[in-house]
Structure formats: structure tokens, C-alpha cells
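Participant: Here is how the chains run, residue by residue.
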Amino acid sequence: MQNKTLIYDGTFEGFLSCVFYVFEYKLTQVTIQNEYVLQNALFSENENIVTDKTKSDRVWQGLKQRASRISSTKIYYAFLSEQPNVENILLDYIQYIFKNKEKVDTDFTHSSVLKTSQIAKNVSREKHRMEAFVRFRLTKDSIYFANIEPDFNVLPLISKHFKSRYADQKWVIYDIKRNYGLYYDLQTLDFINMDFPDNFDFSKTSTDFFANEEFDFQKLWKDYFDSTNIKERKNMKLHIRHVPKRYWKYLSEKQPNL
Amino acid sequence: MSFERTLEKLKILADAAKYDVSCSSSGSKRTNTNKGLGNATGMGICHSYTEDGRCVSLLKILLTNHCIFDCAYCVTRKSNDVKRAAFKVQEVVDLTINFYRRNYIEGLFLSSGIFKSADYTMERLVAVAKKLRLEENFNGYIHLKSIPGASDELMREAGLYADRLSVNIEIPTKSGLKLLAPDKNFEDFIKPMEKVKNEIIQYKSEKKIIKSTPKYAPAGQSTQMIVGASGENDFQILKTAEHYYKNFNLKRVYYSGYVPISYDNRLPNIGSEVPMLRENRLYQSDWLTRFYGFQTNEIVNINHQNLDLDIDPKLSWALRNMHEFPVDVNRADKRMLARIPGIGMKSVAKILMARKYRRLNWDHLKKIGIAFNRAQYFLVCDSNQFEKRDLTADKIKAFILKNSTSKYDTILNPQLNLFE
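As you go down the protein sequences, you meet chains A and B in turn.
The numbers in the UniProt record's numbering rise by one with no breaks, and the one at position 108 of the first sequence is 108.
The numbers in the UniProt record's numbering rise by one with no breaks, and the one at position 208 of the second sequence is 208.
One chain only, chain B, in its complex shape (with noise of 0.2 Å):
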């Protein structure tokens, strides 16, 4: 390996591989039982954060950066003017082994640009796996990305040796897609996907007759959708999402808040800004939908399109739900429980379990560490101090961020003071 080249190869390919946004490294098991080199479990782990505070779990990198699409959003297209570089199937696997010994990842995301064709490159992606896991005994996670139009035999095979596949649509519309990627085709992302859905859950069923069915893509499949390129609302977004939870049993949905990268005027101008607000109240709404048991519906819906970016999704329901509240913290089921703005899913179990010693008061549901501030409006518990208000939820939200002088607001959302 020539470390001049391999450097030089590193930063183009890493650089160009960074607006994909997917980083777990979690949901697989595979076990280190050969002696081998490393092991997936089911908590995935975070090595570094970059200066943008995104988690370093996977060295992320593209196979190439040679592209023969032109999809505007995208630094790898072929009318850009970068530099071009491409990895040697052999170099990938010792960076991935190197690194992987030293500690730095949890494995490897091996994206691409198409060159040739989708099934000449999806050919060898496929080979740096069946290569770290065949000849480098390499137990750790790897993530492919499902190049559009490649064939279901590549598809078959990839998921052998990945732990997730994924392919990602960018651009949560057709009309969006047809705009700003002219030369890519809607079926061509979902045939893929709908082939390792079909794997997953054939691999399923054998499993259950013959325990030594090989694994296939054990940690599924995931997607991302660009957001503040193409126009959408977070109602087109987030219902496009659940279309492909529930119809390609994802995992995970990424967005990823659009970085100009381009002076094509069909997207927004280099130097305007990120939308990283509202990103993080996508994600947000991801979460409640995932772990909270709210319907996508109840986040957002044809009279409620967008999310607000000043209060988070769970309070913006809360506020348009008040005849649900205030709930009783030492009655109220799991379900409810989980809808109090403030209480996270840490907090609903620990008040379930304490309050089978005594009913809980305002003093224990502080210690216990629930964010006071939102939750207050919302509940009533062994304590009488807040019970007989009867605010409306304009006060409620005029109060609520009035005082919201919390950690959360200040870290995870830099630009709130925007809105200030």
C-alpha cells in the first residue's frame, strides 16, 4: 500500500462520502466465535464526533467518486469540476482492517459513485465484503448501499455479506426527483429495496426451519431523504417516510439537512444555511413514531403541514391536544405517560416502578429527572401546587419558552438564537 496515494485517496473519497448522513453501527449480532477479528453487537459504537458533533462510528468512504449521473444535489456528479479518485478493492479492506484493529471504527459504509454501470459497481462493493469476511475473518459491521438498478443476484449476494443495505431515495418526491436527478428513475431505488425486503423476510422463515441459514443483512435496511432541497413540507416528508417503514420494514429513515454545494439554481444558493433546526425536529418526530407510539398523523397532517421549530413535536401535540391533559402520573398507562412533554421513555419507567412503592410527588418526578419545565403544564401527582390552573396553551407555550433556558435548546439546536 503506498501511503501517499492511499492518503490523498482517503481525504477525496471520505470527503465526498460525508453528506451521507446513516452512521449506526447497531442492531446486528455477530459474534466473534471463529477467533477472528472483531464483533457486531446490538449497541453500536461511537469512536469519534466530528467537529460538527456527528457521531465517527464506520469509516465512511466511496468506492469511487467517477459518477455517470448528473443528480444536482449530489458533489459526485459528472458535470462537477473535483478531483476524481478510486479505491482498489484490496485498499479498502487493509484501511478497514487497520483502523478496525486500532480501535478508530465499528466497520466499514462503503458507498459509490456508479461508474461503468450500476451492476459493475455494486459487483464490487459486494467483493470488498465477501473479501473482509471470507479471507480477513472479519466480524465486524458493514454497510453497503444498494446502487439503483443493480440486480437482484448482487442484491442476494450483498446481503450476505453486509450487516445493513441501504439505498437512498434523496428526494422524498418523484416530481422532486425528476427536477433535480433527470437521468434517475423512481423504480430504479425501490427494486432493490424491495429485494432485500423480500431476503429479509424469506431469511426469516428458513431461519426458523433450518437454524443455519446464513445471516442476511441482519441489521436491515435504511434510507435518507434530503431535506430543504426540493421543496417538500415536513408533512411530505415525514408521510413518505412511514410509506417506507411500513411498506420496506426500514430500520431507520436518515434526513439529512441539504449543504449547498452548487450553483445550479434549482437549489438553494452556496451560503445559505443549513437547516439543521429543522433536521433535528425531523428526527424528532422520527423518534415519537419509532418509540412513543404516536401515529405520523398525530405529528403532522393537512392542517398542521410543518413542524414547529421553536417547540419540539411532542409539546407542539400536546399544545394541540390539551383535552388529553393534564395526565395523572400515578394512574395514567405506559401510553400516556410516554405523551407528557418533558418525560422521556428513561422517565416512564422509573416513575412505573416507583410508583408501585408510594404515589409520586413533585419532588420525586424532579429527582427522578424529568424536564420540569414543559412537563409541569401537563400532569398532576401527589402534590397540589400546580393542579388548579387553567391555562390556555398559548400561555402555556409563552411560559414554556419564556423559560426554556435548557441545555437542550442551546446544544442541540445552535441556531434557536436565531429565533430569539
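Isolated chain A (complex conformation) (with noise of 0.2 Å):
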């Protein structure tokens, strides 16, 4: 049987559609594929598939039936992994859990489900750090606001913990790498696109946008950290470990002049 390439929109409902495609035509020899990561195989034939929420849905509801909700979270956190041929590893997981009877979403001696389970742990350690490592800015408009480069596409694992936690504030996270971000008006909260002026410096406090008590905030909170530090036992090792040094741009307690 010839070689298939279903190219989906990048959403987890599209993937989900593909899903479905493959359990309606019987496909075996099948890769799914991101249109914005697409890469042409030889002697495959491409075919697009058209997101389509109720067959998602169907996927979705199937798969919450036949696994714990743990495990289908892990699904969903795994896709947001962006990683390359993430989508067919899941694949593999879903047709083995629909392929058997009993329930198999543990058998952690299986390859997809093991591979599922440590991608949605790394999802779930960044989505963890953003929840740490976010610093919000009072911008002149009075919004506290925070950018974000994460590695994995965790804007939308977060947006819960944020909303329950300041809803007596203004508030922006945007996701710099997407192009994307969250804002929370004091009643709701939407995904939205901005455009930022060509000066505007992702690292730094400009009073031109932030609040001017912003920079004397930023300030007590840099000399609390260092002031906070027991020299004698100093290990950079485990610092680096636990603050990689990826997130260090963005974090006011690492900003040298402050």
C-alpha cells in the first residue's frame, strides 16, 4: 500500500480529524504532518485534511472512554510539545488503545505510550516554569504585562492558573516565539495578536510603556534576590539546573544593570 502524508492546520482538532481519517479508510502507512513544518516525502502521496470539530470531538470523547483522563491530558500536553513527528508517535499510542479491549494507556513497556508519557512530563515541567518564571511589568495603561519564549506551546496550559490568580488585575502573557498571546480585561480572557513598536526591547523597562515605579520595583526585587544568597554556599551547578539559563533574559533578579 502506497505511502500517505496527511497535512493538517496545526490545531489540536485538526489533528484529531487526521485521527479520524485514518480509522475511516483503514490507512496503515500513514504520516501525519503540520502544514507549517511540511517536508515532501518521496513516493508519498499528500492528502489535506479539513479540521473538523465533530469528528475531533468523536476522537476525543472515544479516546477519554478508553483511557484514564490522565492519560488523554498527556496527549493533549504532548501535542503541544510542537516536537517533530509528535503527531505520529501520538498516533501510534491512539490506534494501540483503540486496537485492544482492555485498557492499555499504562503498559508503559509499550514505545508511544512511554514516548507520550515523558514529551507531556517535559510540557508539563515548562508549563510549570512559566507559571514561575513569568514577570509581569506595569505598563503605563496600568496592565501588568509579561512576555514569554517557551519551548513548548504552553500559553494555553497556563491561562487557567493565571485567571484564578489575578483577578483583580489587568494582565498580558505573550507568547513572543508564537506570536500570541493572553489578555485578562478583569471579566474575560481572550487570545489575542499584537503589534509592538520597533524599539520595544522584550528585556528591559523603558518608561516610554511601564509605570515608573515599575523600574523601583524591579530594583527591591533584584537586591532582595542577591540579598537573599548565602555565599558560602554557593553552587552554580544546581542554579543553572533549576533556572536554566535560557529563561535568564527575561527575569528581572538576572538583569546585570539593574
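Please note: incorrect hints may appear among the correct ones.
For each label pair, taking beta carbons as the anchor points, the in silico distance ranges come out as [claimed, not checked]:
#, chain 1, residue 1, chain 2, residue 2, range
1, A, D216, B, K83, 18 to 28 Å
2, B, E194, A, R241, 39 to 49 Å
3, B, Q90, A, Q118, 42 to 52 Å
Worth flagging that the hints you see were computed from the coordinates, not collected in a lab.
Quick reminder that beta carbons are idealized off the backbone N, C-alpha and C, glycines included.
Using the supplied hints, reconstruct the complex from the two chains, each of which is provided in its own coordinate frame.
Facilitator: So, in C-alpha cells, the structure goes:
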């Protein structure tokens, strides 16, 4: 049978629509690819899959019946990793789940079950780190603004946390890598796209955009951070393991010239 | 708020508070249902880490470093020549709120030197918490230090606003305390702890009948002991910890490797090494008793009074109890799986789930993520390779140490290279 490549729009529903298609046509030699990272394989037939909410819901509901809640959540988390080929690991996992009458979603001896769990764990760690490392800065418009650049697409996963925590202040968390953000206006939470001025430096606080007292609080925080260190116990290796360097540029306590 | 003055106070009072190692911001459920600011969930968040590798989760400061006591181990002691400062109640509130709004912290940890009297000090700590809760509508985490000797009434009020209360006993034995903190009474530590314990018990029973009973210290109590300042061995330290866990229902006991800060000849000299590896072993032991089903007596006892520094306490226990091994991974119960060196509780859970489908072999176990270097000598599975070995405990230890280039040793125990 000929290889087939299913191309989808990059959304979770789109991916599940592909899964539906695979089952509908009983495909065996199949690859699922995001249209934004498409690489044409030789001798493969491409098929564009239209995202269909009804179909994707059916797959998702079916999955939730056949697997535990934790396992279906893991599938969603792993999907958000945007790792190359993750769709096909997930497809393999989902096929394994539907092929068996018994529940198999905790069979960690099966490679796609284990891999999914491991990727989901990485995403979950990144989610937790974003809940920790978001640094809001107060803008002149009295909105608390933060920019992030996570390795994985965790913005949808952290929305609930920030909404329940910062219910009495307006805030934006913006993923500058994926160019979209979350905006909470004291009532509702929405996904937004923003245009930034050319001279906007995401790692600095300029008085052009941010409130005057903002600089003071960053300075207080940085000094607090420095005073709380015990130099007799210095352990940079451990420090970097906890706060990997890729996060430093947006952490106010890590700014050298504050 | 005068920025310059606050900056200076913050430096002094954060610097003085940094030896308190309690950092947890978990275990409290305080939901933001009032459209206010913040919440506290089961899982706390470490927002940063100091260069010494410790978590920064709370704004940890002293209200003041003025103190009427003269405890030898304490930087804030009366006789120490340091700059003194004191926050106003409102200053602490403003700092907490502004740090919290920027997502720097999970909440406030407020301790204090004792000025004037225990009650006078405790009253101010309570005032900060009260203001945060009632005026600022703040639902984040608050940890207050119980001041030894504070009255029952104040302790009761403290628990109504704080998530956690703690009183640091600091020195694990009465005799040590007498030597290093002659002004302090052992009973003064116990009294507020006892009060909080009883209030929590009462809260729990009232809560069953009246749902709206106001929360009382929902994240419980903790304490801290200094390690390596007054000559106690690990047996004494862990037995003391066990005593507090059992009799005062403590949520956590923290162990703080003593950082020399004084030329007082009752204490280790300035410049002597901080016992970080020993501290780490104590925490590992603490985990074994809290999460792995070990009894303190199995880890330390009359015949084995100090923890090994070169191997972790679970491995040490296993080597002293070779008759319990090897464990059959495909049949053993949870309790015994958790006792295999190199297998953590997460691997235990995965093993229990995975073995429903097929018998596990070495390949499966490695993929699941057990620490093979340690585990291989203590278990049998659906592979033959290692089953027929009959090694003595000494041999096993030598093999493990020879092959332990694991990340674990270098990262968690930076001083290990001292022993190589």
C-alpha cells in the first residue's frame, strides 16, 4: 500500500481529524504533518485534512472512554510540545488504545505509551516553569505585561492558573515566539495578537511604556534576590539546573544593570 | 513608600532572614473566590533560585533584626555588631502585594527578631497578615513565625490569617540549647507549638459539623533544626524530628547546615565548611520516613548513629539488610518496591501499572527510568543476566561507588569530590 501523508492546520482538532481519517479509511502507511513544517516525502501521496470539530470530538470522546483522564491529558500535553514527529507517536499510541479491548494506556513497556508520557512530562515541566518565571511589568496603561518564549506551546495550559490568581488586575502574557498572547481585562480572558513598536526591547523596562514605579520594584526584587543568597553555599550548577540560562533574559533578578 | 529607605531595609532584613531554610509554599488551599488577589494551591511554585541553589518562593524577611536575645548561632543576636532596621507594618504589606502582582513570589514568610517582648513582636506579625487578608483581599500564602513565649490568644489569631506557622527549635537537644541560647527556655518553644496543634485539631473537628468554620493554619506547622553547630549526631537529630512529627503533627522539619557566622568559641569557626552533604542526607532520610514507609529506627539506631556520607540512606539500609533482597519486581508489593535502592516512588507507580500487562525485564525497567547502577544488585526481573550473582554488601558498595558518576552526586552533593 502506498504511503500517505496527511496534512493538517496545526491545531489539536486538526490533528484529531487526521486520526479520524486514518480510522475511517483504515490506513496503515501514514504520516501526519503540520502544514507549517511540511517536508515532502518521496513517493508519498499528500492529502489535506480539513479540521472538523464533530470528527475530532468523536475521537476525543472515544479516547476518554478508553483511557484514563490522565492519559488523555497527556496526549494533549504531548501534542503541544510541537516536537517533530510527535503526531505520529500519538497516532501510534491512539491506535494501540483503540485496538485493544482492555485499557492499555498505562502499559509503559509499549514505546509510544512511554514516549508520550515522557514528552508530556517535559511539557508539564515547561508549563510549571512558565507559571514560575513569568515576570509582569506594570505598563503606563495599568496593565501587567509579561512576555515569554517557551520551548513548547504552553500558553493554553497556563491560562487557568493566571486567571484564578490575578483576578483583580489586568494582565497580558505574550508568547513572542509564536506571536500570540493572553489578555485578561478583569472580566474575560482572550487570545490576542499584538504589534510591538520597532524600538520595543522585551528584556528592558523603558519609561516610554512602563509605569515609573516599575523600575523601583524591579530593583527591590533584584536586591532582595541578591541579599537572600548565602555565598558560603554557592552552587551554580544547581542554580542553573533550576533556572536554565535560556530563561534569564526576561527575569528581572537576572538583569545585570538594574 | 520612600524607595531608598525601603531598599536599604529590605537588604538588611532579607539578609538576616536567609538562614531560615523553610521555603515551602504548598499544602494550603486558599481559592480566590472573591475576585481578590492571589490563591494558594496544593502545589507551591518556586519563582526563582538563589545562586546557592535554594528555592525562592516567598518574600522571606524579618520584621526587625533588633533582638533582646543573645543566641550564639544567630546573626541577629543582641551582641552582634550589625546594622539594625525595622519595617513598618504597611511597608511589608506594600512589598508583598507589589511583588506578588508581578509574579515574583507565592506569598510572604515573615519572621522577626524579638523586640521588647514576645507578645509585642507577635502582635505586629499578626497585624501584617491581618492587613493583607482583610484590607488587601490577599489570598496568597502567608507563613508566620511563632515567637517563642507568645500568648495563646495571639497564636490563635495568627492561625486565622496565616497558612503556616512555625517555631524554630534550632538546637535539637535541651543541653545544646542551654549552651548556645542561655536566655531561651525549651518550654517557650513548645507552648506555642502545642497551642497551634490543639487549634488545628479543634478546627478539624468543628469543620465536620460547621462547614463555614474559618480556616486555621491550613498548611500546618513546621520547624527547623541547625545541623553541625552543637555536636549532635544524626541519630539524635532524626529522633528529635520523629518526636515532633509524631507529637505535634508537624508538616515539615527542616534541617539547616550551620553556616559559621561568629567567632564565638562554642561554635565552629568562621570559614569552616558548611555541612551541606550531611544536610542533604538528613533530608533524604526525612523523605524515606515521610514517603517511603521507613521507620526512623531503620535508618539510624544505636548501632548506626550517623548517616553515611558516601552513599544515600536507602542504599545504606539495603546494604545492612541484605536478607531482604533480591526483590522480585514482578511480584513484590509496593512497600518492598519502594525499598529497592535506585527506585523512586514515581518508578514504583510505573512498575505497578506496567506489570499488569507483561512481566518486566531489565530493558523495561531501564526505560521506565530506574537508577540501574544502584538497583541492579537488589532485584530480579524477567531477565537472567544478574540473578545468579552472590555479592557481599561491601562488594556491592564498592561497585556502586566505582560506577557512580551520576548527575545526582555531582549536582546534589558538590562536596562529594572531597571524598574521592
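Participant: Provide an ascending list of the numbers of those earlier hints which the structure does not satisfy.
Facilitator: Of the numbered hints, all hold.
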